[in-house]
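Novice: Given next are the chains, with one letter for each unit.
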Amino acid sequence: MAAFRAELQKARRRHDLLLCLLLPGIVVLWVGGLSPSSPEELANGYSALLYSIPVIEAILLPVMMAVLASRLWDMEVKGNTAKLLYTLQTRRSLFAGKAVFGTLEVLLTAVLELACVPVLGRVHDYTEAFPKGQFVYLFVCTLAVDLMLFFGELLLMLWCGNPLPALCVGIVGALVGLFSAFLPPLVSYFVPFGYYIPLSAYEVANWDQASHLVTYGTRAHNWGLLAFTILLGIGLFAAAWRKVQTEEV
Amino acid sequence: MKPVIETHGLCKSYGGRTVVDHLDLTVPQGCVYGFLGPNGAGKSTTMKMLLGLVHPTGGSVELLGHTLNEENRIGLLRQTGSLIESPSGYLHLTARENLAIAADLKGVERRDIDRVLDVVHLTSAANRKVGQYSLGMKQRLGIATALLGSPKLLILDEPTNGLDPAGIQEMRSLIAAMPESTGATVLISSHLLGEMEQMVSQVGILNHGKLLFEGPLAALQRHARGGVLLRVLDAQRAAAVLQAQGIRAVTRPVQPDTLELPPMPDEALAALVGALAGSGAGVVGLTSQTKNLEEIFLSLTKGDGEVA
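For the protein sequence lines, the chains are A and B, in the order given.
Just add 8 to wherever you are in the first sequence, counting from 1, and you've got our numbering.
Just add 5 to wherever you are in the second sequence, counting from 1, and you've got our numbering.
The hints are simulated quantities; they were obtained by calculation from the structure and are not laboratory data.
Since the structure is predicted, the reported quantities are computational estimates derived from the model, not experimental observations.
No residue lacks a Cβ here, since even glycine has one placed at the ideal position from N, Cα and C.
Heads up, a few of these hints could be off.
Claimed, not checked - Restraint ranges, calculated between C-beta atoms of paired labels, are given here: (1) B:Gly-45 - A:Tyr-197: 43 to 53 Å; (2) A:Ala-10 - B:Asp-169: 31 to 41 Å; (3) B:Ser-129 - A:Phe-236: 50 to 60 Å; (4) A:Ala-235 - B:Ser-129: 52 to 62 Å; (5) A:Ala-246 - B:His-13: 54 to 64 Å; (6) A:Phe-12 - B:Ser-206: 39 to 49 Å; (7) B:Gln-174 - A:Ala-10: 46 to 56 Å; (8) B:His-60 - A:Ala-246: 49 to 59 Å; (9) B:Arg-22 - A:Ala-228: 49 to 59 Å.
As the list claims (entries may be wrong) - Derived lysine to aspartate or glutamate pairs resembling EDC-like cross-links, with alpha carbons at most 16 Å apart: (10) A:Lys-251 - A:Glu-84; (11) A:Lys-86 - B:Glu-90; (12) B:Lys-157 - B:Glu-185; (13) A:Lys-91 - B:Asp-26; (14) B:Lys-134 - B:Glu-102; (15) B:Lys-215 - B:Asp-26.
My request is simple: use the sequences and hints to build the entire structure.
Specialist: Okay, here's the thing in structure tokens:
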């Protein structure tokens, strides 16, 4: 608890909340700009949103997670505080404080981002019934990939002691992840940065070339990839903890 | 009285390179202990091992009467203040906010923050962001953090680094007075030997990870006994007496009436002066020379020989 309180104190003037608001803001602007108008589009409104959001996530979230993770440790590097902190608290409590704080930031980002879905539905009066089950699945998948990327980027930051590699990997990861989505599904499994897309439950069922009308359909939930994402996230979390535990300062 | 710090055969190696070699250190309670050595001697590594920041490859550390281990480390370190290498501080926070984080983690009342700020003369800058501080101010903030909770033991690694001359003088006075003013024992490292003489009562000299000397400053200063300068009216006659007694004297080219004699016991010196007076050399001055700490340190480190 003291470690988490310390993280809250350290967060003063770092504007982390603004960062967490940034992503939902971009989603609202991006998806809101493509707001449906015809009755056919309104009847497909939520499906279109739940199809688009994983693509937007694949572009933005690897960078966002890199920013959140690197900022969380970078202040310790810049302030040269590790030697002091390890005499005031156990390594376990420092890492636990960081992990809880970071997880809450990621959770807040995911909640705010996905809260845009029902809000946009209401604003635009979608006629499609709100797909609760698919929405929860998307939330779980988003959170799982976010946390996996967050702890991966945190590990990179711990290794390098510099935010730049983590940010570069986040940017390159976003591009490669998006690109992999247009390659055979098997290829996309090798690019964790883009897992948002193969985990998505929505796909384009039909595109009417004459009317430019897109009809979306659902596909089976990818539980296997979701389980792998969670396991990978746990592995990266454990590796980051191991690094903090064994690092001599 | 039980020592505050004791190490037994403490060792640290990095990839086969021994940095600290079977170190047996004893820091008595209530003293300012100067830990001396050139850069790379192993001082910082030793201090980090005392704080559990670096794992020893051999030996053990006793802190405040308890063998240091992972279970009791934080409990013991809560009674300890430390400043290792460069000072720490969150650059986006003020000094007061930095100290609040340290105080909360250390379990110290926040009202102690004002006291430590006052001790290091940072009260007027307490609400400025640490990112705007000079290195000297950051160093003082580091000392303030170490002083939180009036610890029984302070471990300070070259705390005067980056301070201006006035700051150095201030820091020396603060540290030298600490055993009396707060009851704390201070272990302080430095490679600036001259500044240690003004602060410490006990000294340990480390080189290549080995302890060359440990004991009171006064004992070290006994090794400081140098030769004798003899000023006479007739240097040629004096030289003849010295030669007859088998004493090798060196004449100073710029002061032909002054002879430099090797160190000798007081009785032998008294007899020699009597002989010189009897020969008519005319003894007009006798000055006992003392080596400064730098010279002693160099003579100790040159041969790596242990000095009792």
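Novice: Of all the hints given earlier, name the ones this structure violates by number, lowest first.
Specialist: 5, 7, 8, 13
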